[in-house]
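Residue numbers (numbering that gives the first Met the number 0), protein chains in the order written: chain A, 0 to 367; chain B, 0 to 224.
Treat the hints as calculated values from the structure; they're not laboratory data.
Below, a list of computed lysine to aspartate or glutamate pairs in the EDC-like style, where the Cα atoms sit at most 16 Å apart:
| # | chain 1 | residue 1 | chain 2 | residue 2 |
| --- | --- | --- | --- | --- |
| 1 | B | LYS65 | A | ASP41 |
| 2 | A | LYS169 | A | GLU250 |
| 3 | B | LYS65 | A | GLU32 |
| 4 | B | LYS70 | A | ASP41 |
| 5 | B | LYS64 | A | ASP41 |
| 6 | B | LYS136 | B | GLU103 |
| 7 | B | LYS183 | B | ASP148 |
| 8 | B | LYS101 | B | ASP188 |
| 9 | B | LYS101 | B | GLU192 |
| 10 | A | LYS10 | A | ASP122 |
| 11 | B | LYS143 | B | GLU127 |
| 12 | B | LYS69 | A | ASP41 |
| 13 | B | LYS108 | B | ASP188 |
| 14 | A | LYS169 | A | ASP95 |
| 15 | B | LYS183 | B | GLU122 |
Here is what each chain is made of, one letter per residue.
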Amino acid sequence: MEITIADVILKLIPVALVIGALLNVVPLLVFLERKICAWIQDRVGPSRVGIIGPDSPLEILGINTGYTRILGGLMQPLADAVKLFTKEVFVPAGADKFLFTMGPFFALLPAMLAWVVIPIGPDFGVELGDTVYRVQLQVADLNVGILWILAVASLSAYGIAFGGWASNNKYALLGGVRAMAQMISYEIGMGIVILSMIMQYDSVSLRDMVYSQAHGFTHWGIFHQPLAFVLFTVCAFAENNRLPFDLAECEAELVGGFHTEYNSMGFGMFFQGEYIAMAAMGALIATMFLGGWHYPGYGILNNFLPPLAAAVGLLVFSIKVMAFLLFSMWVRWTLPRFRWDQLMSIGWRGIVPLALANLLVTAFVHLK
Amino acid sequence: MASAHGHDDHGHGAAVDHSHDHGADDYGHGAGRGTDHDPRHQRTQTLMEKMYFPEIIKGLGHTFKKLFAKKFTIDYDGTDRTNPDKFHIPRPGYRGEHYLKKDEDGHVKCVACFMCAAACPSECIHIEGAPTPPDWKNRERYPKRFEIDMLRCIYCGYCEEACPVDAIALSTTYNVVSERREEKIYDRDRLLEDGEKYGLSLSHHHYRPDGVPGALPGPKAPGGH
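Extracted from the complex, chain B is given alone in its bound form (with noise of 0.2 Å):
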């Protein structure tokens, strides 16, 4: 049956093992089961692939090719000095580290309603929350204590939805080092702090690694941000 269909390596032995059950002559190869009759590998080799050594020259050439082409790495923290403006900008939509936001008069945007704290799936946001001080006229209460423990935070962005006065938001920070535990939890003046360097307003939502606040050109994500 399978001398039949002309190219039979595995064919002869197969033939007699009820091979038509299975369904695989449709591939012209009396292939029964197994991966050695995976009709995949049943295609016919030409001579020069059968003699392996031309074959094995023209990787070669295709790796000899590639040895000089033009890589894809970026440099993410711009250290590529043949381009140094190269390095990794996050989308828009990227969640970074967290950031807290002020008001008009400078004061913390935050109201301590604990709505963050409350969406947070891993718990990480400790807020103690108190009056506002007198001066303070837009609102009645201000977080006192606000910490974030970044190496609980999963980054879901959660607590940037839940927030009703827009007060806490994630830019695009990523290649933050600490060297030890405490000093990934973030306080209150820590994430006012980044948000002065990161975010603007939320239509600058970037950070960019020269220290230069401020949007940078690309695509902006949906919804203004």
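Just chain A, with the same shape it has in the complex (with noise of 0.2 Å):
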């Protein structure tokens, strides 16, 4: 196939589209985690670094913002940035220096690489003269798709495994090694969740999913596969080592865990890393099961104004998103944390067996 330069400005816009939003939501995540942390602790959370605020630039301006308690801090994320990149680069002594500098890159990267294929809009043309130039909002239809994202997420356990193992701290290896164990386990669960959607939709590609959740609520995946939207909820926080399976931070027994050692932006970066993988956890849950970007009225709306159509799908998209990062923390500021134990018991005799018995269901139902 001949690649005009049309093509890939064409290409650019998802591209510019999924880098942009992850790059900049990470803040606000940061923001909206200690805020709802703090909401549900009878506290107020970060108040004073904002644009509105008792230190902020207006009021120095002598002009009341009024109400406070809410937004008053929407600058932190701001401040928490600056100290980050401001810190001195620390490497502990007897660290393996090029593993401590690789892990959160390997943290980092594999989230964001998981952004390639999932479909954020839908497909639009564009009419130019008397070319009709067709945007996908897709950054690329693999079609391997959902085989991707299980690639290189688990690519991520690699990040957690290096900083663990180069920090030359038992604390940050005792994390390393019980994310690697967790990731692993859980991830035989998801696969098998992930079967059954393949089997749901009869195909791998996340293009395909999302279309044949067209034409209404009734056709999303969370209403025909219920079992497999919650376990795999459940896979996802684990997989991305969550509240209640954070056993690889798990700041009351390993200091911090892997990321001990880390401070700067390595810790800045790992930080990232984990928001940008819920995310993308969140956006493949919108995907399978809440219908993608469908949303009512599409069908209408895109008949007469495709690219305002293909905007609100971004839009709703997005939202999809929120919802599940938003119940992932609530989630997290709501329950403990799990014994090791109990984490192993439920991968593996919990997810596991369930998995497997909803993908035989699933075999039997689509039977042709």
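Two independent chains are provided; combine them into the complex using the hints.
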């Protein structure tokens, strides 16, 4: 196939959207995480550093900015970022410098790579002159689709393992080992759940999955595979090392787990990687179970203004992903951490058999 | 033995282990020792609890309610715009930064007896006494230099207790910021100034962040302070 300049430019649209959104959403998520944590614990959360708020520029100019308890700390992530960037990069004595440096990259990169195959919005055509350019809101429609996500999601375990191994610290090592064991255990359950979803949609391409969930709510995966949805959500938490499965960090017993020895932007990148991986899982859930970018009225809107329909689809998709992210924060500050044996027990004796049963039932239902 | 008591998740294994020697049978679970056999862990779970998910949803419901619940935080400096009068006011017995008082003539009340410096466990008070100028009729000595190193001070309040002429006292000021260490060594004039700002008399022991000196309504400390 011949690649023209127009193709490249059209491809840059989803690329720019994905990278721009991912890098900018992390500070927002950090802010939300801190706020939700605070609210659940009857506190106020960050309320000082902001456009509005007691110490804001507007207040210094004498403008009363009113109610500040909710959005008062909006610029807190900026302050956090400045702090992380200006800190000394410190490598502990005896650490493996190369792996220690690679750890954060391996945490961040796979999380972003997962977004390559996720359809973030519908295709639409733009008429320029006498040619119609088709814009695809998906970075790459790989024919392996969801298998790509499974592959790169496993890569992110390396980041944690590298970080834990190279730190020359027993707590970091324990955290890294735990993360590896946990990810391997839960990936099996997750893989089986994904298998049943592949059967359900008869395709491994995420794009096909989204298009087969068109025509209204009732076609969404969550209504056809509710058990798979629950299992996948649990696996997604475990895969991202989120509470209640954050045994790899486990502040109470492992100091900070795999990132005990990290500071400055190395820590920042682990942090970013965690949130982007969460967002990727949210995107996967939205794509497989919540109809992707589909929303009621897309057909009508698409008939007379395709770009607008695509923009709304993009928005709807981000809302769905954000809903998952908010849910995971909510869960994080509700549930206590599992014990290690409980975690393994849930993974192997709970999720794997249930996922297998689900796979079996799906196979029978779709037997043709 | 354990099966006789009904619920026996851990019972059979432990029963072999001479468990009755440990007296855990009182709890009815034939348990031996160790955390697994702690009677608190052996409460029979109902079916709903065993299913786990209903309990999680219950918990999520609770935290969801908490999201919108009233917050306990008080903005200590009064920056809560919904309630600007609400700032943290310490109780009258609170021991904050010191101040020096003046007598009726407007002179420093201190007589440079060194009682506070002697009582100070952290040795943060430095006094240099001198004979009073001739027009000070009520006493013979006054502090030429009176410095408190606030970085050394542990705010125990012994100086206030030791003072025979009630010249030094602790205010309720707690939120004072300095940029350099030297600023935290308060000299006589600074302490007197603070006295004018924060403490008109012992019964007006409070300081108000709005700059208005005077008593705020609140429970009186024992002893009229």
